[in-house]
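Whole structure, please, built from the sequences with the hints as guidance.
Chains as they are written, first to last, in the numbering used here: chain A, 94 to 300; chain B, 94 to 300.
Derived by calculation from the structure, the hints in this document are not laboratory data. All values reported here derive from a predicted model rather than from experimental measurement. The reader is advised that the hints may include incorrect statements.
[What the hints assert, rightly or not] Label pairs and their in silico Cβ distance ranges:
id, chain 1, residue 1, chain 2, residue 2, range
1, A, D198, B, E175, 45 to 51 Å
2, A, R283, B, I177, 23 to 29 Å
3, A, N299, B, M94, 16 to 22 Å
4, B, P285, A, P185, 27 to 33 Å
5, A, G188, B, D182, 41 to 47 Å
6, B, P121, A, P162, 42 to 48 Å
7, B, S143, A, R275, 23 to 29 Å
8, A, G279, B, E175, 38 to 44 Å
9, B, I177, A, G188, 17 to 23 Å
10, B, E155, A, Y273, 32 to 38 Å
11, B, P121, A, K284, 38 to 44 Å
12, B, D182, A, T244, 36 to 42 Å
[As the list claims (entries may be wrong)] Just some of the chain B residues that point at chain A, by a computed CB distance under 8 Å:
id, residue
13, G105
14, E199
15, S216
16, G294
Just so you know, even glycine gets a beta-carbon here, dropped at the ideal spot from N, CA and C.
2 protein chains.
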Amino acid sequence: MTTESRLSMPIGDVMFTQRAIRRLKPDPIPENDLIDILEAAIRAPSGGNSQPWHFLVIRESELREQFAPLYREAWWEKRKAEGINGPEDIPPGKGWPRPAMHLADEIGQAPVIILVCATTKGSGPAASVIPATQNLLLAARALGIGTTLTTLHPQVEDRVHNLLGIPDSAQVVYCIPLGYPRGRFGPTQRKPLSEVSSWDGWGQPNE
Amino acid sequence: MTTESRLSMPIGDVMFTQRAIRRLKPDPIPENDLIDILEAAIRAPSGGNSQPWHFLVIRESELREQFAPLYREAWWEKRKAEGINGPEDIPPGKGWPRPAMHLADEIGQAPVIILVCATTKGSGPAASVIPATQNLLLAARALGIGTTLTTLHPQVEDRVHNLLGIPDSAQVVYCIPLGYPRGRFGPTQRKPLSEVSSWDGWGQPNE
Numbered sequence: 094m095t096t097e098s099r100l101s102m103p104i105g106d107v108m109f110t111q112r113a114i115r116r117l118k119p120d121p122i123p124e125n126d127l128i129d130i131l132e133a134a135i136r137a138p139s140g141g142n143s144q145p146w147h148f149l150v151i152r153e154s155e156l157r158e159q160f161a162p163l164y165r166e167a168w169w170e171k172r173k174a175e176g177i178n179g180p181e182d183i184p185p186g187k188g189w190p191r192p193a194m195h196l197a198d199e200i201g202q203a204p205v206i207i208l209v210c211a212t213t214k215g216s217g218p219a220a221s222v223i224p225a226t227q228n229l230l231l232a233a234r235a236l237g238i239g240t241t242l243t244t245l246h247p248q249v250e251d252r253v254h255n256l257l258g259i260p261d262s263a264q265v266v267y268c269i270p271l272g273y274p275r276g277r278f279g280p281t282q283r284k285p286l287s288e289v290s291s292w293d294g295w296g297q298p299n300e
Numbered sequence: 094m095t096t097e098s099r100l101s102m103p104i105g106d107v108m109f110t111q112r113a114i115r116r117l118k119p120d121p122i123p124e125n126d127l128i129d130i131l132e133a134a135i136r137a138p139s140g141g142n143s144q145p146w147h148f149l150v151i152r153e154s155e156l157r158e159q160f161a162p163l164y165r166e167a168w169w170e171k172r173k174a175e176g177i178n179g180p181e182d183i184p185p186g187k188g189w190p191r192p193a194m195h196l197a198d199e200i201g202q203a204p205v206i207i208l209v210c211a212t213t214k215g216s217g218p219a220a221s222v223i224p225a226t227q228n229l230l231l232a233a234r235a236l237g238i239g240t241t242l243t244t245l246h247p248q249v250e251d252r253v254h255n256l257l258g259i260p261d262s263a264q265v266v267y268c269i270p271l272g273y274p275r276g277r278f279g280p281t282q283r284k285p286l287s288e289v290s291s292w293d294g295w296g297q298p299n300e
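Following this line, the structure appears as structure tokens:
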């Protein structure tokens with residue numbers, strides 16, 4: 094079977110049930126599934142077909158253990174900018190950022206972490222890898238594998254580059270933990286389409 | 094039937110045949126299909142579920158005729174930066190940028206043009222609308238509708254905002270013509286996965 098035929102889930106079912114999965118089982122992901130996910134990712138368009146992406150797959154448990162504290166440090170550094178300095182500032186309840194805080198503690202237990210990189214620096218190349226990243230998330234969900242889209246922080250950049258041998262010319266755009274969900278897939282909560290679309294002029298409803 | 098059930102094409106088939114379609118038939122696109130495409134788009138993730146996107150759908154032929162010369166001007170302005178000043182500088186043959194030049198002449202004949210906007214300025218909000226944009230392209234392809242991802246240029250920004258009533262606080266991130274293809278969908282040409290992926294360290298093959 095080809096990648097194409099293994100990704101057999103109807104696209105509507107995939108899109109309407111894709112959501113951030115932050116609680117992951119430690120069970121390993123078959124290598125073939127990882128390859129299918131990446132083969133799907135690189136089918137996405139990029140300007141002039143430049144394909145300025147690189148997918149760095151972290152599977153070794155030792156490497157994940159070394160990466161995990163850097164991720165955790167980056168997560169808290171991002172929170173500082175929001176005035177959240179520690180767990181005592183996290184509101185109670187199930188809402189964000191509590192699940193993201195738990196992920197920051199547990200990311201090393203995800204069986205796979207993929208760093209989506211741009212092969213050159215700048216916001217243009219970073220933007221160019223995002224369609225491929227969305228393909229990656231959708232293909233993972235089609236195979237029953239949970240993901241969530243996270244970023245790192247400049248404070249840990251040098252150490253992440255050193256740990257993984259990432260060249261200075263490249264940049265990490267996203268950090269995506271992958272694993273089988275302990276929770277459930279979708280549905281998601283979204284603003285109604287009428288609030289975020291206009292027809293033939295900004296603010297005009299469809300009629 | 095729901096949007097979800099109408100988007101019944103297997104995701105692998107969609108992703109492996111999605112490609113830039115620049116030659117479009119003028120035939121109209123049913124409104125239900127446009128709504129399905131947008132409903133799929135807004136299922137994409139965004140940071141903290143902020144959904145900083147707005148989809149401006151241009152269908153009226155008069156409006157498309159007024160928009161078309163602005164698009165054409167923007168396209169040539171982008172080429173100038175590459176040292177391409179007119180059709181005489183476009184290399185012969187079917188390769189890019191010739192098909193894109195034809196689209197710049199013909200975009201007003203596309204039955205629908207969607208401007209994907211970010212509701213605030215900056216590269217962060219612009220990046221946040223890209224996963225939704227990729228969902229849009231995939232959902233269109235699943236319904237047999239061709240698209241291609243294009244951008245405008247600062248030189249036409251004010252006039253595009255004026256023509257369509259786009260507030261200063263928002264920005265146009267992508268301009269996407271939609272229509273039934275005169276050409277064919279996929280497959281696409283991509284670098285092999287081994288060239289754009291590493292396993293447990295930059296440059297390390299999967300073994």
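Assuming the hint says 38 to 44 Å, is it satisfied by the Cβ distance from G279/A to E175/B or not? holds (43 Å)
27 to 33 Å as the expected CB spacing between P185/A and P285/B, which holds or is violated: For P185/A against P285/B, whose Cβ atoms are near 49 Å apart, the range 27 to 33 Å is violated.
Given a hinted range of 17 to 23 Å, is it respected by the beta-carbon distance of I177/B and G188/A? Hint violated: Cβ distance 51 Å, outside 17 to 23 Å.
Has the hinted range 23 to 29 Å been met by the Cβ atoms of S143/B and R275/A? With Cβ atoms ~25 Å apart, the hint holds.
Does the Cβ distance between P121/B and K284/A fall inside 38 to 44 Å? violated (27 Å)
Is the interface hint for S216/B satisfied, with its Cβ closer than 8 Å to some Cβ of chain A? Holds, about 4 Å.
Verdict for P121/B, P162/A (Cβ pair) under range 42 to 48 Å: violated (56 Å)
State, for the Cβ atoms of G188/A and D182/B, whether the hinted interval 41 to 47 Å holds or is violated. Given a distance of about 55 Å, which is not inside 41 to 47 Å, the answer is violated.
Range hint 36 to 42 Å (beta carbons of D182/B and T244/A) holds or violated: holds (40 Å)
Agreement of hint G294/B with chain A interface, Cβ distance less than 8 Å: holds (5 Å)
If you take the shortest Cβ to Cβ gap from G105/B to chain A, is it below 8 Å? holds (3 Å)
C-beta pair E155/B, Y273/A: status relative to the range 32 to 38 Å that was hinted: violated (53 Å)
Violated hints, in rising order: 2, 4, 5, 6, 9, 10, 11 and 14; the structure is consistent with all others.
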